[in-house]
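Those sequence lines, one after another, are chains A and B.
Sequential numbering of the first sequence, starting at 1, is according to full-length UniProt numbering.
Sequential numbering of the second sequence, starting at 1, is according to full-length UniProt numbering.
Some hints could be false.
These stretches of chain A come out as covered by chain B in the derived footprint (C-beta under 8 Å, 3 or more residues) [said to hold, decoys possible]:
no.	region
1	146-160
2	358-371
From the derived model, a few chain A residues whose C-beta atoms are all more than 12 Å from chain B [claimed, not checked]:
no.	residue
3	A6
4	E213
5	E399
6	R452
7	R644
Covered stretches of chain B, as calculated for chain A (at least 3 residues, CB under 8 Å) [claimed, not checked]:
no.	region
8	46-55
9	182-193
Since the hints were made in silico from the structure, they are not lab data.
Just so you know, these numbers come straight off a predicted model, no measurement behind them.
Note that beta-carbon positions come from the ideal geometry of N, C-alpha and C, so glycine has one too.
One-letter residues, chain by chain:
There are 2 protein chains.
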Amino acid sequence: MGRLSALFEPETVAVVGATDREGAVGRAILENLRDGFAGEVVPINPSRDEVLGLECYADMSSAPPTDLAVVVVPPPVVLEAIREIGEAGTKHVVVITAGFSETGGEGAERERELREIAAEYDLNIVGPNSLGIMSTPNGMNATFGPENAREGSISFMSQSGAFITAVLDWANEQEIGFQDVVSLGNKTVLDETDFVEEWGDDPDTDVIIGYLEGIDHGDEFVETAREVTDDTPIVLVKSGRTDAGAQAASSHTGAIAGSERAYEAGLEQAGVIRANSVQELFDYARALSGLPEPDSEGVAVVTNAGGPGVLTTDAVGDSRLRMAQFTDETIDDLTAAMPDEANVYNPIDAIGDADIERFGDALDIALGDPNVGSAVVVSAPTAVLEYDKLAETVIEKREDHDKPVVTCLMGGQRARAAEEVLREFGIPNYFDPARAVSGLDALARFSEIRERTIDDPERFDVDRERAREILDRATRRDDNRLGVESMDLLEAYGIPTPEGEIVDDPDRARDVAESIDGDVVMKIVSPDISHKSDIGGVKVGVADEDVYDAYEDVVARARNYQPDATILGVQIQEMLDLETATETIVGMNRDPQFGPLLLFGLGGIFVEILEDTSVRVAPIGEGEARDMIDEIRAAPLLRGARGREPADVEAVVETVQRLSQLVTDFPAILELDVNPLVAGPDGVQAIDLRLTVDTEEL
Amino acid sequence: MGRLSALFEPETVAVVGATDREGAVGRAILENLRDGFAGEVVPINPSRDEVLGLECYADMSSAPPTDLAVVVVPPPVVLEAIREIGEAGTKHVVVITAGFSETGGEGAERERELREIAAEYDLNIVGPNSLGIMSTPNGMNATFGPENAREGSISFMSQSGAFITAVLDWANEQEIGFQDVVSLGNKTVLDETDFVEEWGDDPDTDVIIGYLEGIDHGDEFVETAREVTDDTPIVLVKSGRTDAGAQAASSHTGAIAGSERAYEAGLEQAGVIRANSVQELFDYARALSGLPEPDSEGVAVVTNAGGPGVLTTDAVGDSRLRMAQFTDETIDDLTAAMPDEANVYNPIDAIGDADIERFGDALDIALGDPNVGSAVVVSAPTAVLEYDKLAETVIEKREDHDKPVVTCLMGGQRARAAEEVLREFGIPNYFDPARAVSGLDALARFSEIRERTIDDPERFDVDRERAREILDRATRRDDNRLGVESMDLLEAYGIPTPEGEIVDDPDRARDVAESIDGDVVMKIVSPDISHKSDIGGVKVGVADEDVYDAYEDVVARARNYQPDATILGVQIQEMLDLETATETIVGMNRDPQFGPLLLFGLGGIFVEILEDTSVRVAPIGEGEARDMIDEIRAAPLLRGARGREPADVEAVVETVQRLSQLVTDFPAILELDVNPLVAGPDGVQAIDLRLTVDTEEL
C-alpha cells in the first residue's frame, strides 16, 4: 500500500462545492461519483440540505470524516475551503478549481499560498486546475468529464485534462481498461514522480502511462522511475519536443545539449519507454499490459500471405528484435506439417489456403523453438479462415508456450470479433504489421530496462577543499567565468593536465619553458577572450629561445584586439604529441529540470558540424560513462579504426566519471567545458577549460 | 485514353475456364463479374453450354469478340488458351493461373513461352499468378477475392494478392474507394511502369498507390513516374527494405551503396512518395485524393485542448511543414472573436468550452491568413461540441478558402459519424495528431515534387573514342579490373588529374620526376594490389634524387607481398597541396534494377565510419549533382566551415556530372571509384581510380 492509497481507495469522498445546478462542474462530479462509486459520497455546500438526493453538509467540520475531498468552489474561496479540509483531518484533496498559476498574477500568488497550506496540514493535493481522478476497482469517477473508464491494469496520468477525455472515449470503444486515472493539473503538490512511485507499488497496475508537457524535478523523477521500472513499465508521451531548440543556451556546450536532449537522456536513464504519439502510447501499453516478457530477441512470423510476411520482416529489421533462426528440428517439423509450397523458413508462409489447424501447427512448432522469444501472427482474410477461430488457436498456443504473441489479423469488420476474443486474453491485435512488431519491440525494450545494471557512481579520492578554493576565485575576482588559469581545478579532481604554468612576465615565461622538455605552447589567458586562436593569442611549437618575444607578441595581440580585456597572463604548456592522439570534448550544462547534463564528443567538426555527441544526466557510473563514448558515431576512431593506434578509452571513461563527480559535488558550477581533452594511446590530458560559476551558490 | 483503357473499360469480358464447380476459382471470378459488371460476360469452357445462367462457348474462336479475357485454366493448357485468345484478336488478358516462374523449373520455361506468345500477338497481359483486376465505374470485379472495392479515385496495384484482399476488407469498413485495382502477379508482360503510365493518363485517378516487392526496370520506371508525378501523386510501399544489406557487393562503393539505397534514390528521383506501412500508405493517400495542394508551408492548428495542440505542434516540427506565423490582422481578429483565456497565437486554443461557432470563427480567420497554407482541426470531446456539426463547419470553411484542412477529432464512437460526413467532402479524419499532420505533410511533399525542376544532364564535350580504347585495355589484358594506369580515361572525360606518368624502369622514373616541379608521389601500379599504402607501395614527398631507389623499393615490396602480382609499373605523380584541400570520393555501382548508382562522400572516416554518403541514379543534371554534395552531413566542410578556405564546389559538381556521363555512355563499366578526388580552393584533381569492366559489353 502506497502513501497515496487513500487517494484511490477512499471509503468516503467529500465534494466541496457540490451543487445540482445544471451544467455546473460541481454537479457533474457529484453525478459521476453517485452513479458508480462503491463508497460514501458527502456533498458540502452551505446553502443546501440535500443535493441530488444526498444529504449535504454546510462545511467540512460538520460533515462526517472523509478520506478524500474534491474541491470545486470558485477561486476566491478555494484556499479557505482547503484550509477547512486540513482542519477536518482529511489528507487527500483533488482541486478541480482553475485560476492559479496558469492565469499568472493573482493566480500565481494563490498557488503559492496553496503550497503553504498543503505543507502546513501535510496534504496530498492533486491539481489545482485538474479534471479529477478515477479509480476503477471501486467505481470512483471523481472527474467532471463525460467518460468513465473501464477496469483494467493500465494506470494513466496526464498533464492535459482534454487528453484524458479524448483517450477515454476512444479507449472505451477499443475496450481498453484502466486502473487509476489522474489529471495532474498544475502539479502544485503531487506530480508525476509521486504517481510513478505510488503505481510502482500497486500490484494491480501492470503499466504506467502518461502524457506530460514537463517534468518538474527531473533528478527525483529519474531516481524513482529507475526503481519502479525494475518491475513496472512506464510509457510516456513527453510533448514540446520540438520547442527545445528555442531555448537560449549561453555556452557552447549548452547550445548543443538543449533541454530536449536533457529530457531524452533523463527519460532514457530513468528507464522510461518514450512514445511520440497517442497511437504509439497505446500500441506499447497494450503489449506491455497483457503479455509476458520474451526470453530472447528472436521473432517468429507466421502468416498465410507472402506480402504481409515481408512487411513484417522489414518491421522486425527496423526494431531491436531480429528474425529467429529456426533449429533443424523446427524446420523438419514444419516441413512435415506444411504443404510443399509453404515456406518453412522464417517468416513461415503457410500459404493462402491455410486453415486454422495449419496456422495452429505452424505457431505451435515455431513457439517451441528455443531460438524463438516471441511471435507475430499475420493473416490476410481468406475463404477458409474464420478469424475468431484463429484467435482461439492463437490464445491456446500462446498459453501453452508462455511466450508473447501479437497478431495482425488484417482486414476490417471481420477482424473485430477476433480482436475482442484476443483482448480478453491479453493479446493485442494491430491493424498494421509494423505496429504489431512495435508492440513486441516495446516488450523487448522493457526486458532490456529490467536487465540493465546501473552501477553506482564511483567516488574517486579527490581534493574537494582545494577545488572549492579554486572556484572561490570567481567570487574574489567578481567574474563568474573561469578559464585555463583554473586548470588546477581539474588536477584537484585527478584529471591529468599538461606540464606548465601561467606567468605574467616574459622572463618568467622563458624560465618555465626551459624547465619543460622540448618546445612549448603559449596561450593568452583572459576571461574576456574566448576564441584565443582567432586573434593570434596561441602559439604552438615555440622554442625556448623564442619564448620571450612570443610572450610580448601574444600579449600585444590581445591588447590590440580588446584594449580593456582583463589579461591574467600567458600559459606556458608542454607540447603534446597530437599525431597519435584524438581531441575530445567533455562538457556540462546544468538543465533546469534534470540538473547537470554531461556531454561527450570528438572535438572540432564532430561536435560542431556533425553534432555527433552523447549526453547523460550526472552523476553517472562507469557503465554509463563508457556508453557515452561508445554511442557516438565516430567512436571507432577512438577505438583504433583505420589502422590508428587505439586511444586509452579507459582514461576517457574515468575522466568523464571524475567530471561527473565534480559537477555533482559543486552545484555552483553552471557550465563547464574541457575542450579539448586529448586522448592518446597512453592516457588523456585536459588542454583547456572554461566554466561558469554561480557565485551565490558557493 | 491510355493504351490499357480496354483492360479497365471493356465492353465484353471472357472468362476462359469458367465453371460452376463450388470452390473453384473459375466460379468465383464468374460470380464476381456476373454480379456487378455493367458489360457482357462470356464464359468459355468446352464442356458446358451454360454456366451460372450465362451462355457458355467452347472456345474463343466460337465466342463473340471480347475486349478482355480472364484465364483460369490449369497450367498445362494455359499457353494454348492464351494463343487462342491471341488468334481471336483479343488484346487484353488477365492470367489468374499460377505455376509459372514462382515454382521454378518447368514453370519458368512456361513463363518464357508466355512472354513469347504475348510478343507474337501483341498482348497486354496481367499476371500470371494474379488475383485479378477491378475497375469500379463499370462494376468490374475480375478477381477471385471475397471483397469488392467501393468506387473512388485511388488506383491501386499490388505485387501481393493477399495484400489486396486485406486492404479491401479494411478499406470497405473505412469507406475508402478505389478506381482501378490490379494484382500484378509475376509481371511477365505488364508491370508497375505500365500501370503508372496508364493511371497517369486517367482523369478519374487522383492518386496511384501500390505495394511492390521489387521494380523490374528501374530506369524506365523513374522516367515514367517523373512525368506522371507532374500531375498525379504516387505513393508506394516497397517492401524488402531491410534485406538490402545481405546483397553481396564486390567493390568498396558497392558495399556502401547497396540495393536498398538504389531503391531509395530511384524512387526519390522518380517523385514517388514512399510509405513504410499500410497505415502510412492510406494516411497519405486519403489526404492526396481529396484535398487541394497547400500554397505555403505554414500550418494553422485550431483546437479546443492545449495538450493535443502541443502534440500537433510537435508533429508539425517533425515534418517538412512549419507552424504559420499569423499576421497582426489575424491576431486582432482572433482576439476579438475568442474569449480572454483563449490562445490566439498558433496553435489557436479556443479552450474547452468552445462551441461550433467559436471553432468555425477561429478556423475561418486562420484560413484567411496569407501565411496559412493548410490547417489541422484538433478536438477533444466536450459536452458543448457535437462532432458531426463541427464536421459541417470544417467542410464549409475549407471550401470557402480552398485550402487543405485535415481533422483529428479525437475519441471513439462519437467521431465515427463526423468522419463519414468529412470523408464525403474529401477531408480525412485521423485518430492521432501526428497522423493528421503526416497527411498534410504528404500534400506538401507532393507540391515539392510537382514544383521541382529536373534539368537535363549536360552533354560535356568529351573524347568518347579515346575512352573506349582505354576501356578496351581490359579486353586486351584479359583482366576486367583497371586502375591508376587508366587515369587517362578520366582525362578523356575532362576530369583533371595530377601531372605524372606510369613508368616501368627506375631511370625513366627519375626523368619523369625531374620534369615535375617539386617532390613527387610514387605508387605501385598493379591490378592485384588494392591497398597500396598498407604494403608500402606508396611513397609521398620523394625528392628527385631519391626517386631511383624509391622505385626499386616500391617494386620490391610489391613483389615481396605477392610474388605473382602483375606489376604494370610505378606511377610518378606531382605532389598536391593537401593542406587546404579536402578528399572526396565519387563512385559508381551498377544496380541490377536501376542501373548506374552514383555515390558521393568525403574520403576516409566520413565514408567508412560515419557512412556519410549521398547517392543518385545516373544520368543526373547539375541540380542533382549539387544536391548530392549538399546533402551529406559533412558538406559544410567543403563549403568552408570553421575558417577553412572553401573548396571549389562547382568543380566537384562538374566532375560528378562528367562521371555520370561516362558511366551512362559505357554500360560496360560495372563499378568505378575515384578515390580520392581532391577538392581544393582552385579546382579538383582525381588522384586514384579503380574500375571493373564487363568486357563482353564493350
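*In rising order, the numbers of the hints this structure does not comply with*: 2, 4, 7, 8 and 9
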